[in-house]
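Participant: Please work from the sequences and hints to get the whole structure.
So the sequence lines, in the order shown, correspond to chains X and F.
For the first sequence, the working numbering gives the first residue as 156, with consecutive numbering after it.
For the second sequence, the working numbering gives the first residue as 4, with consecutive numbering after it.
In short, the hints are calculated from the structure, not lab data.
Mixed in with the good hints, there may be bad ones.
DEER-style ranges, computed between Cβ atoms [what the hints assert, rightly or not]:
id, chain 1, residue 1, chain 2, residue 2, range
1, X, 443, F, 188, 54 to 62 Å
2, X, 250, F, 213, 32 to 40 Å
3, F, 233, X, 254, 36 to 44 Å
4, F, 120, X, 254, 34 to 42 Å
5, X, 269, F, 72, 45 to 53 Å
6, F, 111, X, 351, 42 to 50 Å
7, F, 123, X, 322, 29 to 37 Å
8, F, 187, X, 322, 54 to 62 Å
9, F, 171, X, 435, 56 to 64 Å
Lysine to aspartate or glutamate pairs mimicking EDC-like chemistry, simulated, CA-CA at most 20 Å apart [claimed, not checked]:
id, chain 1, residue 1, chain 2, residue 2
10, X, 328, F, 77
11, F, 68, F, 116
12, F, 68, F, 112
13, F, 68, F, 117
14, F, 68, F, 31
15, X, 328, F, 26
16, F, 68, F, 8
17, X, 328, F, 112
18, X, 328, F, 31
In this text, a Cβ means the ideal position worked out from N, Cα and C, and glycines have one as well.
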Amino acid sequence: MSLQELLQQIVNGLVVGSVYGLVALGYTMVYGIVRLINFAQGALFEAGAYLGVATFSLLGAFGTRQPLVGLLIALILSALFTGGLAYVVERVAYRPLRNAPPLAPLVSSLATFFLIISIIQVITGAQPLNYPQVLSVTPWSIGPITLAPTSLLIAVVAILLMVGIHFYVQRTKMGKAMRAIAVNRNAAALMGINTTWVVTFTFMLGGAMAAVAGVLFGVEYGSVTYNMGEFYGLVAFTAAVLGGIGNVPGALVGGLTVGVLSSFATIFLPNQWQEAIVFAILILVLALRPQGILGERVAERA
Amino acid sequence: MTLLEVESLVVSYGAIRAVRGIDFALSDGECVSLLGANGAGKSSSLKALSGLMRPASGRVHFDGKPVTGLPAHEMARMGVTLVPEGRQVFATLTVRENLELGGFNQSHEHNQEDLTRVLETFPSLEARLNALAGNLSGGEQQMVALGRALMSRPRLLMLDEPSLGLAPLVASQIFEVIRSIAASGIAVLLVEQNVHRALGIASRGYVLELGEITLQGSSADLLANEHIRRAYLGHGMGEGE
Ligand SMILES: Nc1ncnc2c1ncn2[C@@H]1O[C@H](COP(=O)(O)OP(=O)(O)O)[C@@H](O)[C@H]1O
Ligand SMILES: [Mg+2]
Chain X
156 MSLQELLQQI VNGLVVGSVY GLVALGYTMV YGIVRLINFA QGALFEAGAY
206 LGVATFSLLG AFGTRQPLVG LLIALILSAL FTGGLAYVVE RVAYRPLRNA
256 PPLAPLVSSL ATFFLIISII QVITGAQPLN YPQVLSVTPW SIGPITLAPT
306 SLLIAVVAIL LMVGIHFYVQ RTKMGKAMRA IAVNRNAAAL MGINTTWVVT
356 FTFMLGGAMA AVAGVLFGVE YGSVTYNMGE FYGLVAFTAA VLGGIGNVPG
406 ALVGGLTVGV LSSFATIFLP NQWQEAIVFA ILILVLALRP QGILGERVAE
456 RA
Chain F
4 MTLLEVESLV VSYGAIRAVR GIDFALSDGE CVSLLGANGA GKSSSLKALS
54 GLMRPASGRV HFDGKPVTGL PAHEMARMGV TLVPEGRQVF ATLTVRENLE
104 LGGFNQSHEH NQEDLTRVLE TFPSLEARLN ALAGNLSGGE QQMVALGRAL
154 MSRPRLLMLD EPSLGLAPLV ASQIFEVIRS IAASGIAVLL VEQNVHRALG
204 IASRGYVLEL GEITLQGSSA DLLANEHIRR AYLGHGMGEG E
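Facilitator: Okay, here's the thing in structure tokens:
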């Protein structure tokens with residue numbers, strides 16, 4: 156293995172890891188405030204990716220002539236619709252089970268995950284759909300490594316969004332309400348916070364981030380498949396656990412780490428091993444450091 | 004003018020009836036005490052009045068409007084503020100954030116004014132504004148809980164055992180603050196085990212036993228009552244704290 160190969164895999168890992176981090180954000184925020192692992196998050200990622208394809212096909216020739224504008228429209232529409240879908244998920248699959256034993260909403264979130272993925276499969280068939288080429292795929296050579304403009308764009312958008320969410324949670328009134336609910340939901344309600352709405356909004360925000368990740372992912376890999384939410388949903392879950400579930404900066408750290416580790420693995424092992432590597436990481440983290448890299452810094456939870 | 008009116012309030016946990024049809028009322032600006040032994044149903048009553056629990060039956064009016072079963076955040080927005088049992092500060096948020104959350108539905112200007120006033124009331128919090136509330140002493144946490152409640156500009160402040168677990172000196176300080184809050188015209192519903200101190204502040208009191216109001220009257224009458232002296236003030240000898 157050469158140094159150049161190593162550097163190249165780090166760069167590739169950071170790009171894809173930033174997308175994982177964006178999906179992990181939804182797991183971590185929902186877990187932070189209602190202690191639920193919302194497995195539907197992986198399906199929302201996939202739904203977001205498909206809504207992006209749908210937007211591009213509606214835009215038609217315009218999207219080809221103005222690919223960046225098209226991408227922006229796809230990101231916004233997909234985030235809005237997937238946020239709406241997350242609203243429905245929360246209303247139907249989570250809220251009625253709020254006072255049920257914790258296993259019930261967990262199972263319900265898994266069922267929702269499979270439901271959404273099955274619906275996407277029925278509507279689109281099992282054929283992969285292609286994403287338009289948004290930016291030049293001709294990679295730049297930066298010293299020993301190469302980086303496509305699209306990849307750079309993806310990493311920048313994903314990381315900026317994550318940093319933005321971090322400040323949103325730390326600085327705004329809504330963010331403060333989220334953190335208060337994370338500590339003590341009843342006490343938050345006594346402050347005059349409509350906790351039901353804040354929880355719903357958190358689901359929607361997580362869904363919107365998953366959608367952005369889905370579109371960026373589609374652009375990076377050029378196509379989407381009906382079962383992409385299964386593997387990548389679990390990769391993002393691994394990222395959330397690795398970074399410290401409930402911890403917003405942890406989603407970024409976990410995403411980048413999983414991205415880089417699984418990229419590294421492809422140096423030593425054939426590509427098919429990538430899934431096994433990711434789940435081995437998940438098991439190791441749960442066994443050795445269940446609180447994740449950043450621990451559960453509860454003060455920053457949400 | 005009647006600010007709070009409670010009729011036949013019943014609060015249940017499944018089959019357990021914690022509050023069995025109580026009636027009471029409180030006027031604007033009045034300080035009233037709700038007394039009773041452990042398990043009498045005091046906290047359950049406050050949970051129902053603050054909207055944390057839905058009453059099983061009964062009617063509650065606040066400021067002339069029916070508010071039975073309204074959720075907690077709507078009660079809070081109407082000016083009904085509960086300082087819950089055990090303070091329940093947001094332990095992993097800073098003192099400043101805790102206080103700001105109290106003023107969640109108030110304007111920025113109100114919050115700035117009120118923060119200044121809260122810090123005048125509790126000067127020791129000033130140096131602790133950026134500390135995590137969970138790292139404060141019990142007394143300081145009670146100050147945060149009270150300060151946070153004041154930030155919401157309550158019309159009715161309900162306090163659930165504010166002196167519980169505090170050193171006597173700190174408890175005295177808290178009772179003085181409650182006295183000045185009551186004097187400022189905010190109606191106060193004070194739940195206490197420290198009957199002597201509570202009746203020293205309140206003008207009237209209700210005694211709750213096994214979910215029912217068994218005795219009511221002016222503080223002076225209650226302090227002189229033989230049953231109260233025996234059951235809550237230590238063998239009829241009076242002055243115990
Ligand atoms: N969460 C609960 N579940 C079941 N029973 C409860 C619960 N909370 C209180 N109770 C019961 O309700 C009764 C009144 O309790 P509470 O209102 O806390 O009394 P107090 O505040 O006067 O000490 C008690 O018998 C208590 O055991
Ligand atoms: Mg109690």
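Participant: Work down the list of hints and note, for each, if the structure agrees.
Facilitator: Status of each hint after checking the structure:
no.: 1; hint: X/443 - F/188: 54 to 62 Å; in the structure: 59 Å, holds
no.: 2; hint: X/250 - F/213: 32 to 40 Å; in the structure: 36 Å, holds
no.: 3; hint: F/233 - X/254: 36 to 44 Å; in the structure: 42 Å, holds
no.: 4; hint: F/120 - X/254: 34 to 42 Å; in the structure: 38 Å, holds
no.: 5; hint: X/269 - F/72: 45 to 53 Å; in the structure: 37 Å, violated
no.: 6; hint: F/111 - X/351: 42 to 50 Å; in the structure: 25 Å, violated
no.: 7; hint: F/123 - X/322: 29 to 37 Å; in the structure: 32 Å, holds
no.: 8; hint: F/187 - X/322: 54 to 62 Å; in the structure: 38 Å, violated
no.: 9; hint: F/171 - X/435: 56 to 64 Å; in the structure: 58 Å, holds
no.: 10; hint: X/328 - F/77; in the structure: 18 Å, holds
no.: 11; hint: F/68 - F/116; in the structure: 29 Å, violated
no.: 12; hint: F/68 - F/112; in the structure: 28 Å, violated
no.: 13; hint: F/68 - F/117; in the structure: 27 Å, violated
no.: 14; hint: F/68 - F/31; in the structure: 14 Å, holds
no.: 15; hint: X/328 - F/26; in the structure: 38 Å, violated
no.: 16; hint: F/68 - F/8; in the structure: 10 Å, holds
no.: 17; hint: X/328 - F/112; in the structure: 15 Å, holds
no.: 18; hint: X/328 - F/31; in the structure: 31 Å, violated
Violated hints, listed in ascending order, are 5, 6, 8, 11, 12, 13, 15 and 18; each of the other numbered hints is respected by the structure.
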